Amino acid sequence: MIRVQAEDFDVGAELARLTTGRTDVGGVASFVGVVRASSAAGDLQAMTLEHYPGMTEKRLAEIEAEALSRWSLTGSVIIHRYGRLLPGERIVLVATASSHRQAALESCQFLIDWLKTRAPFWKLEETAAGGQWVEARESDDHAAERWRKP
Amino acid sequence: MKLLYFAWLRGKIGKSSEELTPPAFVRNVGDLLDWLEAQGPAYKAALADRRAVKVAVNQDYAAPDHPVKPGDEIALFPPVTGG
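Chains A and B supply the protein sequences, listed in that same order.
Everything in the first sequence is counted per my numbering, starting at 1 for the first residue and increasing by one.
Everything in the second sequence is counted per my numbering, starting at 151 for the first residue and increasing by one.
Keep in mind the hints are simulated off the structure, nothing from the lab.
Incorrect hints may appear among the rest.
As a list, the in silico SDA-like pairs of lysine to any residue whose alpha-carbon atoms are at most 20 angstroms apart [unchecked claim]:
| no. | chain 1 | residue 1 | chain 2 | residue 2 |
| --- | --- | --- | --- | --- |
| 1 | A | LYS149 | B | ARG201 |
| 2 | B | LYS204 | A | ALA136 |
| 3 | B | LYS204 | A | GLU145 |
| 4 | B | LYS162 | A | LYS58 |
This structure is a prediction, so every number in the text was calculated from the model and none was measured.
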C-alpha cells in the first residue's frame with residue numbers, strides 16, 4: 001500500500017494492519033525515517049519535502065511491486081510525508097510482512113534504498129543561514145546499486 | 151507541451167510550470183534542454199550542469215534520446231533526495 005501525505009502517521013496502527021486478521025505472518029520489518037536536527041548545513045530548524053504529485057505515487061507503486069516480485073511477502077506499506085517538518089518528526093515509513101524474517105528484513109531495506117534514489121522527493125533544509133536544497137549522496141546510489149539484479 | 155520544474159530548478163527558472171511550444175527540430179529530451187537553455191539567462195543558469203538535471207516524460211524517467219511531442223508533460227528536477 002502506498003500513501004503520500006502531509007499528515008503524520010501512526011506507526012503502531014500501520015504495523016498492526018499488516019498482521020490483523022491473518023495467521024500466515026511470521027515477522028514484520030519496518031524502517032521509520034525521522035528529521036534529524038543536525039545536518040551538513042548546520043543546526044536544522046525545519047525540513048521541507050517537495051514531491052511530484054502523480055509521478056511520486058507511480059514510482060512508489062513500481063518500487064513496491066518490484067519488492068513483491070522479488071520476495072514472498074504477505075503485505076507491505078510505504079508512507080511518505082511532504083511539506084514542512086520539524087526535527088524529530090517522522091518523514092517516511094516502510095514496512096514489510098512475510099512468513100519468514102529474512103524476506104521481511106531484506107525487502108524492507110530494499111524498499112528504503114530504492115525509494116531514496118528513485119522516488120521524486122526533494123529535501124530543503126532550513127538553518128539560521130537560510131534554505132538549502134539537500135544534494136543527492138553517492139552513498140545512497142551505492143546502497144541502491146547492490147539490489148540491482150545481475 | 152507542459153514543462154514542470156522542481157526543487158532548485160524551480161527556484162532558478164523562477165516558476166513551477168509553463169506551457170511551451172518548441173520549434174519542430176526539438177525531437178527528444180536532449181534537443182529540448184538545448185533549446186530551453188537558449189531561452190534566457192535563468193534557463194541557462196538552471197541547465198548549466200546537465201548531470202544535475204533529471205528529466206521525466208509523462209512521469210517516467212527519460213534519457214536524452216527519449217522522444218518528446220506536443221501534449222507531453224515534461225518535468226525537470228535535480229537528483230532525488232527523499233526517504
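* If you check each hint against the structure, which ones fail? -> Violated: hints 1, 4.
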